[in-house]
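2 protein chains.
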Amino acid sequence: MKISKLVGERTKEVPSGVIAKSHEYLLRAGYIKQVCNGVFSLLPPALRVQKKLEKIIREEMDKIGGQEVLFPVLMPKELWEESGRYSSIGSEMFRLKDRADHDMVLGMTHEEASVHMVRNIIKSYDQLPFMIYQIQTKLRDEPRARAGLIRVREFIMKDAYSFHTNKEDLDNYYEIVKQAYFNIYKRMGMKNVVSVKSDSGMMGGKIADEFMLITDIGEDSLVVCDNCDYSANMEVAEAILDTYESKEEPTELINTGENKTIEDVCNLLKIEPNQTCKAVCYYLSKSKKYVIAFIRGDLEVNEIKLRNLLKEEVVAISIDHPKIVAGYIGPKDFNEEDIITLYDISLKGAKNLVVGANAEPFHIAHFSFERDYIPETFVDISKVKEGQKCKKCGCGHVKIVRGIEIGNIFQLGNKYTSSMHMTVHDSNGEEINPIMGCYGIGIGRCLASIVEESSDEKGIIWPIAVAPWQIYLCPLRLDDENVAKSTEEINKLLEESGYEVLFDDRNVSAGSKFADSELMGIPIRIVVSPRSLQNNEVEITLRKTGEKIMCKKGELIKKLEELVKILG
Amino acid sequence: MKISKLVGERTKEVPSGVIAKSHEYLLRAGYIKQVCNGVFSLLPPALRVQKKLEKIIREEMDKIGGQEVLFPVLMPKELWEESGRYSSIGSEMFRLKDRADHDMVLGMTHEEASVHMVRNIIKSYDQLPFMIYQIQTKLRDEPRARAGLIRVREFIMKDAYSFHTNKEDLDNYYEIVKQAYFNIYKRMGMKNVVSVKSDSGMMGGKIADEFMLITDIGEDSLVVCDNCDYSANMEVAEAILDTYESKEEPTELINTGENKTIEDVCNLLKIEPNQTCKAVCYYLSKSKKYVIAFIRGDLEVNEIKLRNLLKEEVVAISIDHPKIVAGYIGPKDFNEEDIITLYDISLKGAKNLVVGANAEPFHIAHFSFERDYIPETFVDISKVKEGQKCKKCGCGHVKIVRGIEIGNIFQLGNKYTSSMHMTVHDSNGEEINPIMGCYGIGIGRCLASIVEESSDEKGIIWPIAVAPWQIYLCPLRLDDENVAKSTEEINKLLEESGYEVLFDDRNVSAGSKFADSELMGIPIRIVVSPRSLQNNEVEITLRKTGEKIMCKKGELIKKLEELVKILG
Numbered sequence: 001m002k003i004s005k006l007v008g009e010r011t012k013e014v015p016s017g018v019i020a021k022s023h024e025y026l027l028r029a030g031y032i033k034q035v036c037n038g039v040f041s042l043l044p045p046a047l048r049v050q051k052k053l054e055k056i057i058r059e060e061m062d063k064i065g066g067q068e069v070l071f072p073v074l075m076p077k078e079l080w081e082e083s084g085r086y087s088s089i090g091s092e093m094f095r096l097k098d099r100a101d102h103d104m105v106l107g108m109t110h111e112e113a114s115v116h117m118v119r120n121i122i123k124s125y126d127q128l129p130f131m132i133y134q135i136q137t138k139l140r141d142e143p144r145a146r147a148g149l150i151r152v153r154e155f156i157m158k159d160a161y162s163f164h165t166n167k168e169d170l171d172n173y174y175e176i177v178k179q180a181y182f183n184i185y186k187r188m189g190m191k192n193v194v195s196v197k198s199d200s201g202m203m204g205g206k207i208a209d210e211f212m213l214i215t216d217i218g219e220d221s222l223v224v225c226d227n228c229d230y231s232a233n234m235e236v237a238e239a240i241l242d243t244y245e246s247k248e249e250p251t252e253l254i255n256t257g258e259n260k261t262i263e264d265v266c267n268l269l270k271i272e273p274n275q276t277c278k279a280v281c282y283y284l285s286k287s288k289k290y291v292i293a294f295i296r297g298d299l300e301v302n303e304i305k306l307r308n309l310l311k312e313e314v315v316a317i318s319i320d321h322p323k324i325v326a327g328y329i330g331p332k333d334f335n336e337e338d339i340i341t342l343y344d345i346s347l348k349g350a351k352n353l354v355v356g357a358n359a360e361p362f363h364i365a366h367f368s369f370e371r372d373y374i375p376e377t378f379v380d381i382s383k384v385k386e387g388q389k390c391k392k393c394g395c396g397h398v399k400i401v402r403g404i405e406i407g408n409i410f411q412l413g414n415k416y417t418s419s420m421h422m423t424v425h426d427s428n429g430e431e432i433n434p435i436m437g438c439y440g441i442g443i444g445r446c447l448a449s450i451v452e453e454s455s456d457e458k459g460i461i462w463p464i465a466v467a468p469w470q471i472y473l474c475p476l477r478l479d480d481e482n483v484a485k486s487t488e489e490i491n492k493l494l495e496e497s498g499y500e501v502l503f504d505d506r507n508v509s510a511g512s513k514f515a516d517s518e519l520m521g522i523p524i525r526i527v528v529s530p531r532s533l534q535n536n537e538v539e540i541t542l543r544k545t546g547e548k549i550m551c552k553k554g555e556l557i558k559k560l561e562e563l564v565k566i567l568g
Numbered sequence: 001m002k003i004s005k006l007v008g009e010r011t012k013e014v015p016s017g018v019i020a021k022s023h024e025y026l027l028r029a030g031y032i033k034q035v036c037n038g039v040f041s042l043l044p045p046a047l048r049v050q051k052k053l054e055k056i057i058r059e060e061m062d063k064i065g066g067q068e069v070l071f072p073v074l075m076p077k078e079l080w081e082e083s084g085r086y087s088s089i090g091s092e093m094f095r096l097k098d099r100a101d102h103d104m105v106l107g108m109t110h111e112e113a114s115v116h117m118v119r120n121i122i123k124s125y126d127q128l129p130f131m132i133y134q135i136q137t138k139l140r141d142e143p144r145a146r147a148g149l150i151r152v153r154e155f156i157m158k159d160a161y162s163f164h165t166n167k168e169d170l171d172n173y174y175e176i177v178k179q180a181y182f183n184i185y186k187r188m189g190m191k192n193v194v195s196v197k198s199d200s201g202m203m204g205g206k207i208a209d210e211f212m213l214i215t216d217i218g219e220d221s222l223v224v225c226d227n228c229d230y231s232a233n234m235e236v237a238e239a240i241l242d243t244y245e246s247k248e249e250p251t252e253l254i255n256t257g258e259n260k261t262i263e264d265v266c267n268l269l270k271i272e273p274n275q276t277c278k279a280v281c282y283y284l285s286k287s288k289k290y291v292i293a294f295i296r297g298d299l300e301v302n303e304i305k306l307r308n309l310l311k312e313e314v315v316a317i318s319i320d321h322p323k324i325v326a327g328y329i330g331p332k333d334f335n336e337e338d339i340i341t342l343y344d345i346s347l348k349g350a351k352n353l354v355v356g357a358n359a360e361p362f363h364i365a366h367f368s369f370e371r372d373y374i375p376e377t378f379v380d381i382s383k384v385k386e387g388q389k390c391k392k393c394g395c396g397h398v399k400i401v402r403g404i405e406i407g408n409i410f411q412l413g414n415k416y417t418s419s420m421h422m423t424v425h426d427s428n429g430e431e432i433n434p435i436m437g438c439y440g441i442g443i444g445r446c447l448a449s450i451v452e453e454s455s456d457e458k459g460i461i462w463p464i465a466v467a468p469w470q471i472y473l474c475p476l477r478l479d480d481e482n483v484a485k486s487t488e489e490i491n492k493l494l495e496e497s498g499y500e501v502l503f504d505d506r507n508v509s510a511g512s513k514f515a516d517s518e519l520m521g522i523p524i525r526i527v528v529s530p531r532s533l534q535n536n537e538v539e540i541t542l543r544k545t546g547e548k549i550m551c552k553k554g555e556l557i558k559k560l561e562e563l564v565k566i567l568g
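Chains A and B, in that order, are what the protein sequence lines are.
My numbering applies: residue 1 is where the first sequence begins, and numbers increase by one.
My numbering applies: residue 1 is where the second sequence begins, and numbers increase by one.
If you're looking for bench data, these hints aren't it; they were derived computationally from the structure.
Because identical chains cannot be distinguished in the list, a pair is counted as satisfied if it fits within a single copy or across any two copies.
Pairs of lysine-lysine residues, derived as DSS-like cross-links and limited to a Cα-Cα distance of at most 27 Å, are as follows:
id, residue 1, residue 2
1, Lys513, Lys123
2, Lys63, Lys52
3, Lys5, Lys123
4, Lys565, Lys548
5, Lys558, Lys548
6, Lys2, Lys55
7, Lys63, Lys167
8, Lys186, Lys51
9, Lys492, Lys559
10, Lys178, Lys2
11, Lys97, Lys77
12, Lys305, Lys289
13, Lys311, Lys77
14, Lys399, Lys206
15, Lys2, Lys167
16, Lys2, Lys63
17, Lys5, Lys63
18, Lys492, Lys55
19, Lys63, Lys51
20, Lys5, Lys55
21, Lys415, Lys5
22, Lys55, Lys544
23, Lys5, Lys178
24, Lys492, Lys513
25, Lys458, Lys123
26, Lys123, Lys12
27, Lys2, Lys123
28, Lys63, Lys485
This is chain A alone, in the form it adopts within the complex:
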């Protein structure tokens, strides 16, 4: 490919409002162009990378028995009503009407379509397990599209669906897919990838893992152990709670005046937040109830844990209820139908706390759970805090890092097969609902994530397996007949040897050519110049290390073979 004919432009200017490196470089190096908020066109170099990512994914999916299919983007309302998700999914799903005024949706995921495809053709247990997958455009009306290809409203995704007769079979296959995912990311050249237990959100299952590339631009918080391989999404992470030894003393009513927040009360009484119990209030709009979540004052409520516990969306509120003294709420039985109280496990056995006295303007000091109040049960609704001990190894300490979600896998159970009436005969002839797993990878996000991890101040550094071209062929002084002839020969030789070559045939300065090759991230640059040709040599530069190697023309292919091995 001659760069003079390549559709795309490379620019030095950093586009305004761009915060992610991948966003900046993909724009500046002519890979992507924004069409509207969260929607991009891919230019030829980006499509070349994407095709390589797709190929890696296809190969790994085929290796674990996947069968590629294609579901539609456009689906009728009725299909989504069967699973109940037409109403349970909100405005992130694009909806429209066709010319006959039928309600349609655009596919953001394809559980319904996958069950629809197989439910009448798979009839017996011996046809299971199987896995079908597709690579296809997805549309999702993200409220906050951001960072170029990291979070968009239209994207190409690989999504896969597996069907099993029993949990054990799904568990086995789930681990196989997990390994395939790690293989995929490795082949794509990503290094800092971890899988974390996660919340399954709207997918409806219980077991779920997210694959995270650890990087500062990530929008997810991950909890990782500094000693063992424990990692989890903040939403579901657990750690060992630090406890505070304290002797019991008699309770004491204290007038705390206008001091209502933990911070103010601590300042007033000269105590630490971990010596307090705070009350955080929520509202359940569906069941129209209030929730008072009691938790140790130094901890935060994890709203995802709360939602999963209550099986309902929760909204944090400033409470206004005749039986509740806002700012001074303390542990007690409220005995009201519309009030639910929850006690976090951080309060179990806690002694000598300052708690609200349920009367204005008072707090109680030296309050001890189990002595002064015994809740029915304690529940885990707290966020992990950096520095807590790891629950898995018991000796490491957890830290919180940022990650980009580059894939996820879910165990769905029979949510879809049951609601959509898919049954197969088991080995006893009984009808059962198969259980499902589903497995997604956003390909555009992978492309951008690779750039986040593999780039420097000059631009992108593509891993050689996914580079749009492996070689940037860069003649200096193309007006020199010898350079022109040699470059053409080398180009031909390289292409015949199966290399993908971006040939910089422009009449611009060496500096411009080098800058473009670095910005675009091509792994190997070969410079052909009058000077190097005097020794019958070319100069090879590796994008990743900057290493320069002089190489005899006749030994070029041999040398490249070596280099590709090292870079791979």
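Following the hints, complete the assembly by docking chain B onto the known chain A.
Same frame as chain A, now just chain B:
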């Protein structure tokens, strides 16, 4: 691939309401499943075929310098307002609102997106010509989805856009693409493909060709010559008008009573329709005018020609106008601002016609144009009739055949670059709007068209280049140890030799296996049976011809190489 694990079912029952062979076989052989009107899921065998079609298209597009890109499915209203098509395209475009209440459209074609991609990055004439293409999901709200994958609302399409500095360059490239299209269809195994001049419809250009597979299920009427290579879409076809010799006689007013139609008048007067002049009435709702189209009584008005002539949509009507005597309309100057009269070229020099007398209940006989009335001009608004002489060779006769449109190419001129303000500097430094060509192929429709052309009463007959699997490996009596062992060996050998094998590992009758292999259309079947193995042989059957060949196991790969060459 073991057929016991293949997702999909083969059935004998012909689904109700299915008229096209491709629709029937693709359903019955487990290739497709309908999700809703005009929307299908593709099962694994269909996707395998589709990937092969895509590969052929990619290779041929790359060969002629195409650069693959990807435009979005989801586009903002504003992009389509720039070209004016947001309002000019009707209900075939899907429209929706996003969560911020912005108007969006779903891509049915991507001229706007292609200009958007390149307009700020291509700045100079020496960056032209270039061609970008994509293979992607398109959505089009067809009023009449039909015949399985032949006419659908969601489909994968290759669409390409080329940009040129001048008409000559576009003309040259247009012919190159045309040849590439013929190469594509040939490689896909389609035989009866012609290109026909066509109307460019909403695309906005002047020169347009459609590629048609000639087949009875086709929904388009094509005019082809039985002597030369002339072929054209009915919409724009021309032919030499047959003329009728007749001596002039004096006009005569005839009371034709209630006989108003050509048929009734001909019956009454015992004359042929070609001895009459009829008036066909239309309404132009935009300019609010009536059109009276006079044409020889045996011919039909071609409404596409009429629309192109008047540059406005036309609607056939039963006319109700104070100055018009419906049923008795004849040639004259109406001298009304809201009446346009048109005279077809079939009337030029016509003599001795029966025409309406513009008075009830009268017709005029022996009416001669140029003697009794001289229109300002004659225009070509008639449909070609089977048997007319070919205008191209002058000696052949045209016939009308049915065809499926399997691709189209258009010269767009500067409609989009001008309305969307894309300019480049020409060699004199002047700013010009590049001119464009666009080139489409519907891939799903190609898949179905191949089946239409290549199938028999037993099922599909895939051309080997696009078959989902080349070989159907069909052991009989897998319980026989020798058969099982030999089949496994052969399977391994075939896969190592690069063949794609569908292995029928089921415990069903030979008849069922043969029927499935024929229905699915796999080109080569290899039967391994206890009997054939006695001679150390296998039986090869060619799907296309039914030919059976006994082949020594050791010579199988050599034999297959020969067969693939013949079948290819």
